[in-house]
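Number of protein chains: 2
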Amino acid sequence: MTTTDMTAADASDSMRNGVDTATLFATLNAVKQAPEAAKFQFRAHNQWVSGTHNRGTIADYFGVGEERSHERTFVFDADHPAVLVGRDHGPTPTEFLLHALATCLTAGIANIAAARGVTLTEIESKVEGDIDLMGILGLSDSVRNGFQQVRVSFVLRGDEPEKLRRVVEQSRARSAVFDILTNGIPVAIDVDAG
Amino acid sequence: MTTTDMTAADASDSMRNGVDTATLFATLNAVKQAPEAAKFQFRAHNQWVSGTHNRGTIADYFGVGEERSHERTFVFDADHPAVLVGRDHGPTPTEFLLHALATCLTAGIANIAAARGVTLTEIESKVEGDIDLMGILGLSDSVRNGFQQVRVSFVLRGDEPEKLRRVVEQSRARSAVFDILTNGIPVAIDVDAG
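In the order they appear, the protein sequences are chains A and B.
For the first sequence, position 92 matches number 580 in my numbering, and the numbering has no gaps at all.
For the second sequence, position 168 matches number 656 in my numbering, and the numbering has no gaps at all.
Think of the hints as simulated: they come from the structure by calculation, not from any bench.
Just so we're clear, the structure is a prediction, and the values are computed from it rather than from any experiment.
Errors might be hidden in some of the hints.
Copies of one chain are not kept apart here, so a pair can be met inside one copy or by any two copies together.
Straight-line C-alpha distance at most 20 Å; calculated SDA-like pairs for lysine to any residue [to be verified]:
hint, residue 1, residue 2
1, K527, Q637
2, K520, L625
3, K520, R604
4, K527, V631
Throw the hints in and build the complete structure from the sequences for me.
Written out as structure tokens, the structure reads:
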């Protein structure tokens, strides 16, 4: 598909790569006019089940000036596998974190490609994180608790390779999860114990 | 329950808070003898569906010297809500990240309490993350992409409050996800585009 073809497609239909670009640009303009709309609060609730098995619930959030709810409540079990003294009722916490990274970069790629008129036919990715459990097991003070290195491998098909690579670079530059994982964030913990 | 009661319970039964403490201590000893067993690699796969909707799969990992598989393959959809130009087919990426934090701290609390002979009857938590989307929308260079602040609120019931608080503190000190989120990790991105 040539650039001319894409411009013609844009004029006739604001959908690209499953992204409604008219709504995307309208949203960007609305936020530019009213920056308060961009202040969001996301939330997760968690309830312990037994041992390393616990259950998270994601339902409500704040954004565009008001309390909101997802269309349904999302429930996710987490656990350790048997080799880590759990019962494998769900992924481990760090696997959810790798999943969060892949999904943030992927959504960004789709949005940015649509905004730029870049066609995508496929986005696949694999995320790997290396961790030495001597840290979290408390068996070494010189080994960190978290991942020592994370690698993301993307396979993209669609437009010219160089255009696709620039879209990935922009997604990385504007990814919430990539920023959090690479730069860190302040986390406060409050305990009501009794 | 007094300390004497707990010691008696320990002798008769290695299960505490749903944690098999005999297996937990055996695992710690085994890793102490063979530190290579502690080297793990966790993974997530992701496939784009359409727009901001994509699907993550968590199935295999490496640990204790060999390739392993979870007892089943875990599949999680992610999306943006309509207010963020998505279709709400799943949580947003950053909500998965908050979920990962809650589940890591909760599993740690259960394990550490069991190892210390501390009884738990309830662990509930809420995680909130404040984010200003002016960053990821590319509308401000002075606003970061990720959360500006995350707060975790735990409610714990069981043993004496001070013991429970010390367990939470130790879980924080040995949490993989807490370390990753607060200290950051190196993330490399590779692209096969064509």
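* Which hints, by number, does the structure contradict? -> none
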